[in-house]
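K.L.:
Residues per chain are reported as follows:
Number of protein chains: 2
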Amino acid sequence: MKIGIVGLGLIGGSLAIAFKKAGLEVIGVSRKDSTCQTALDRQIVAQAGTDLALMKTADVVFLCTPIDYVIDSAKAVIPHLKPDAILTDVASVKGEIVQAIAPLWPNFVGGHPMAGTAEQGINAALEDLFVDAPYVLTPIETTSQKTIATLQELIKHLQSRYYSCSPEVHDQSVAWISHLPVFVSASLIAACMSEEDPEILEMAQSLASSGFRDTSRVGGGNPELGLMMAQYNKDALRRSLYAYQQELEQIINKIEEENWEVIASSLNKTQSQRSRYI
Amino acid sequence: MKIGIVGLGLIGGSLAIAFKKAGLEVIGVSRKDSTCQTALDRQIVAQAGTDLALMKTADVVFLCTPIDYVIDSAKAVIPHLKPDAILTDVASVKGEIVQAIAPLWPNFVGGHPMAGTAEQGINAALEDLFVDAPYVLTPIETTSQKTIATLQELIKHLQSRYYSCSPEVHDQSVAWISHLPVFVSASLIAACMSEEDPEILEMAQSLASSGFRDTSRVGGGNPELGLMMAQYNKDALRRSLYAYQQELEQIINKIEEENWEVIASSLNKTQSQRSRYI
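Going line by line, the protein sequences match chains Y and R.
For what it's worth, my numbering labels the leading residue of the first sequence as 1, then goes sequentially.
For what it's worth, my numbering labels the leading residue of the second sequence as 1, then goes sequentially.
Don't read these hints as lab results, they were simulated from the structure.
Computed footprint of chain Y on chain R, listed as stretches where at least three residues anywhere in the stretch have a Cβ under 8 Å from a Cβ of chain Y: (1) 192-198; (2) 204-212; (3) 229-243.
Chain R residues, not near chain Y, derived (Cβ > 12 Å throughout): (4) T38; (5) P79; (6) A100; (7) P103; (8) E141; (9) S144; (10) K156; (11) H157.
Below, computed lysine-lysine pairings styled on DSBU-like, alpha-carbon distance capped at 35 Å: (12) R:K269 x Y:K234; (13) Y:K75 x Y:K32; (14) Y:K269 x R:K234; (15) R:K269 x Y:K269; (16) Y:K56 x Y:K156; (17) Y:K75 x Y:K234; (18) R:K254 x Y:K254; (19) Y:K269 x R:K254; (20) R:K146 x R:K2; (21) R:K75 x R:K146; (22) Y:K2 x Y:K56; (23) Y:K75 x R:K254; (24) Y:K21 x Y:K146; (25) R:K269 x Y:K32; (26) Y:K269 x R:K32; (27) R:K269 x R:K234.
Backbone N, C-alpha and C fix where the C-beta goes; we use that ideal spot for every residue, glycine too.
Please model the complete structure; the sequences and the hints are all you need to start from.
P.N.:
Spelled out as structure tokens, the structure:
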């Protein structure tokens with residue numbers, strides 16, 4: 001089976017390495033000559049170039065361009081594909097993308113390998129990036145079982161944990177566990193920044209330790225990623241944010257009322273529920 | 001110098017070990033005979049017993065009982081103290097405690113060694129628990145320089161980072177960086193629990209990874225600690241929670257308005273500000 005990768009960054013490059021290691025032939029396309037050269041030099045791909053026509057022999061094509069280019073990349077590569085080629089992507093939000101690409105190519109299935117590092121680009125690509133990480137496919141009613149089965153086989157090569165759900169269930173799930181935490185955490189840092197007494201602010205900065213460090217981590221992360229979540233998963237994120245706002249208001253009210261019994265009971269619940277996620 | 005420790009748990013026990021290692025004589029009092037026996041067996045203390053009269057020869061007495069017993073412990077030990085003995089405590093909230101004890105013993109200074117482990121009790125006590133951790137003293141106008149200097153010397157033996165501020169500055173600072181994160185984080189877990197679609201809930205639990213793990217950690221921690229923060233630091237915590245609520249509302253409004261420029265700019269700010277705390 002011949003694998004095509006469009007976009008040789010961290011994710012595309014890591015997929016290429018893992019598939020090559022599994023004995024598959026991998027062809028890569030990048031906008032930049034220098035990236036193609038690196039992929040060839042590192043022997044990650046059998047062929048690489050900037051021309052999407054390279055994809056004409058591929059059986060399965062992974063669109064690994066940044067989320068705001070995925071739909072355009074699909075439109076650009078589709079004229080070059082074999083009639084029975086499978087097309088998939090790796091973007092972290094699925095609804096809009098599946099809605100836009102599926103009508104153009106019935107053999108398209110949305111995908112989301114949930115892995116990454118702080119580094120980006122092909123030089124950061126790793127053979128084992130996807131090992132034990134979730135890999136979600138988001139088929140729709142018209143997706144054929146054969147297409148899903150082929151992609152499932154490829155995901156096995158990555159040693160990822162395979163999940164399947166609708167694009168909508170995917171987007172709301174990642175809103176809860178990935179996108180909501182970013183805005184919850186960013187608001188914590190923003191709230192601390194709002195302290196106007198310089199002595200308190202300085203003391204808070206001196207005394208901050210692991211609790212603040214962990215709770216503020218994703219809110220102090222890559223701003224472009226946070227923005228992308230808000231832009232591409234707006235509806236699901238809003239739904240999660242409103243639910244969060246309500247929970248926060250309830251706990252504030254209970255503190256106002258000094259209703260310690262209810263606060264103790266809800267802290268007990270959050271303690272026991274957390275273990276279902278971790 | 002003779003050190004008295006009232007309450008031989010994790011903090012009291014660890015202070016005893018560190019002071020003994022520094023060559024000081026340490027006397028301990030615990031409510032439980034078995035704890036006294038453990039302290040004697042481990043040779044953490046020179047003398048131990050359940051009678052507060054043991055404190056009559058101590059130069060500096062550390063109250064290390066749980067926060068809801070500190071004021072009562074002070075009242076109980078004061079009749080036994082030498083006239084020039086220094087009294088201090090280790091509770092994580094200072095306002096109420098200093099206000100209650102300072103009028104009873106002018107040589108009282110509030111203190112807060114910011115260290116801990118997941119374990120509790122004397123068996124969890126560690127020699128290096130306070131090394132590199134902040135140790136805050138909260139003197140007031142009537143506190144003598146000599147008293148502060150003596151405690152500072154003792155804190156040096158612990159190799160802690162020494163800070164000094166008013167009880168009010170301390171309580172608002174820890175509200176920002178320690179108590180607010182707990183309720184921000186607990187509300188995240190509570191919000192996820194509110195999802196009523198079982199398929200989304202199950203998928204969210206399957207896909208949760210490091211972002212959710214870190215942001216939810218302190219909200220899924222010891223419920224008694226969270227409750228204690230709300231009870232003993234209510235005013236400062238409320239002030240932080242209201243500021244947080246405002247920041248959250250602002251970011252939600254900007255997402256509603258699709259004002260991506262402002263969201264990008266505030267995520268950039270939180271990213272750069274976080275480094276001042278970490």
